[in-house]
Amino acid sequence: AQSVTQLGSHVSVSEGALVLLRCNYSSSVPPYLFWYVQYPNQGLQLLLKYTSAATLVKGINGFEAEFKKSETSFHLTKPSAHMSDAAEYFCAYDNYGQNFVFGPGTRLSVLP
Amino acid sequence: NAGVTQTPKFQVLKTGQSMTLQCAQDMNHNSMYWYRQDPGMGLRLIYYSASEGTTDKGEVPNGYNVSRLNKREFSLRLESAAPSQTSVYFCASSEGGAVEAFFGQGTRLTVV
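Top line first, the protein sequences correspond to chains R and H.
Residues in the first sequence are numbered from 1 upward in steps of one, following this note's numbering.
Residues in the second sequence are numbered from 113 upward in steps of one, following this note's numbering.
Be a bit skeptical, because a hint or two may be false.
[To be verified] 27 angstroms max Cα-Cα, derived BS3-like pairs, lysine-lysine:
| hint | chain 1 | residue 1 | chain 2 | residue 2 |
| --- | --- | --- | --- | --- |
| 1 | H | K169 | H | K183 |
| 2 | H | K183 | R | K49 |
| 3 | H | K121 | H | K169 |
| 4 | R | K49 | H | K169 |
| 5 | H | K126 | H | K169 |
| 6 | R | K69 | R | K58 |
[Unchecked claim] Listed next, with one range per pair, are the computed distances between beta-carbon atoms:
| hint | chain 1 | residue 1 | chain 2 | residue 2 | range |
| --- | --- | --- | --- | --- | --- |
| 7 | H | R189 | R | Q42 | 19 to 27 angstroms |
| 8 | R | Y39 | H | T166 | 31 to 39 angstroms |
| 9 | H | G209 | R | S28 | 14 to 22 angstroms |
| 10 | H | K126 | R | L56 | 47 to 55 angstroms |
[What the hints assert, rightly or not] Some chain H residues flagged as far from chain R (calculated, every beta-carbon gap over 10 angstroms):
| hint | residue |
| --- | --- |
| 11 | N174 |
| 12 | R184 |
| 13 | T222 |
I should point out that these hints are in silico values taken from the structure, not numbers from a laboratory.
Here a beta-carbon is modelled for each residue, glycine too, at the ideal position from N, C-alpha and C.
Kindly produce the complete structure, drawing on both the sequences and the hints.
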């Protein structure tokens, strides 16, 4: 079955530390992948997307993600965490242009 | 620049009551979606509409109906609310294809 998985429902990092949020997709998933961020009591906002162009994708707020077909991964990284990055992050894929399928989400906490 | 607007933002229903969640987008998008968000489960697709006049079931359609009233509006109806429908509901829209979705702010529904 097509799916995306996110390892770790909750990740904590110290302010200034590297942020790494993991996303793996099943090999049958179409190669259109997204990362969304959700701040408390808000809707989802697009961070970045991969659409078969460059494998390293840069997004907003200093985030980037690398599409690795050999590892079926699309991990999200940020070199230095900021307190304002505390939020929930969702990996998703486009389901052949019909709709979007989301992973379960990872809650990021940033410790002072 | 409103984007996707959902009403109401909060609602408490008694078991068996009915209600309609409203969603409107001003981006001239063809596709619209209804998702529900529950802790640890990410976003699950209830219904979607690829174009005006068409609707399709998603992953969790039972207990819900939808209407694509026109290109702008896509409503979600609960005919007889159940406690299991307590959730946060998000409406989204997109141009379709490998293009990101834009989300509303959500409706927090509690069924008692």
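Evaluation of the provided hints:
Only pairs whose Cα atoms come within 27 angstroms are accepted, and H:K169 paired with H:K183 is accepted, the gap being roughly 18 angstroms. As the CA atoms of H:K183 and R:K49 are separated by approximately 25 angstroms, the hinted pair is consistent with the 27 angstroms bound. For the hint pairing H:K121 with H:K169, the CA-to-CA distance comes to about 24 angstroms; that is within 27 angstroms, so the pair holds. Distance check on the hinted pair: R:K49 and H:K169 sit about 25 angstroms apart at the alpha-carbon level, within 27 angstroms; holds.
Our distance criterion of 27 angstroms between C-alpha atoms is met by H:K126 and H:K169, whose separation comes to about 25 angstroms. Restraint check for R:K69 and R:K58: the C-alpha separation of about 18 angstroms stays at or below 27 angstroms, so the hint holds. At about 25 angstroms, the beta-carbon gap between H:R189 and R:Q42 stays in the expected band of 19 to 27 angstroms. The supplied range of 31 to 39 angstroms is met by R:Y39 and H:T166, whose beta-carbon atoms lie about 33 angstroms from each other.
The supplied range of 14 to 22 angstroms is met by H:G209 and R:S28, whose beta-carbon atoms lie about 19 angstroms from each other. At about 52 angstroms, the CB distance of H:K126 to R:L56 agrees with the hint of 47 to 55 angstroms. The beta carbon of H:N174 sits about 17 angstroms from the closest Cβ of chain R, which is more than 10 angstroms, so the claim that it is off the interface holds. Listed as a non-interface residue, H:R184 keeps its Cβ farther than 10 angstroms from every Cβ of chain R; the least gap is roughly 18 angstroms.
For H:T222, the shortest C-beta to C-beta distance to chain R comes to about 15 angstroms, beyond the 10 angstroms cut-off, and the non-interface label holds.
Every hint, counting from the list given before, is met by this structure.
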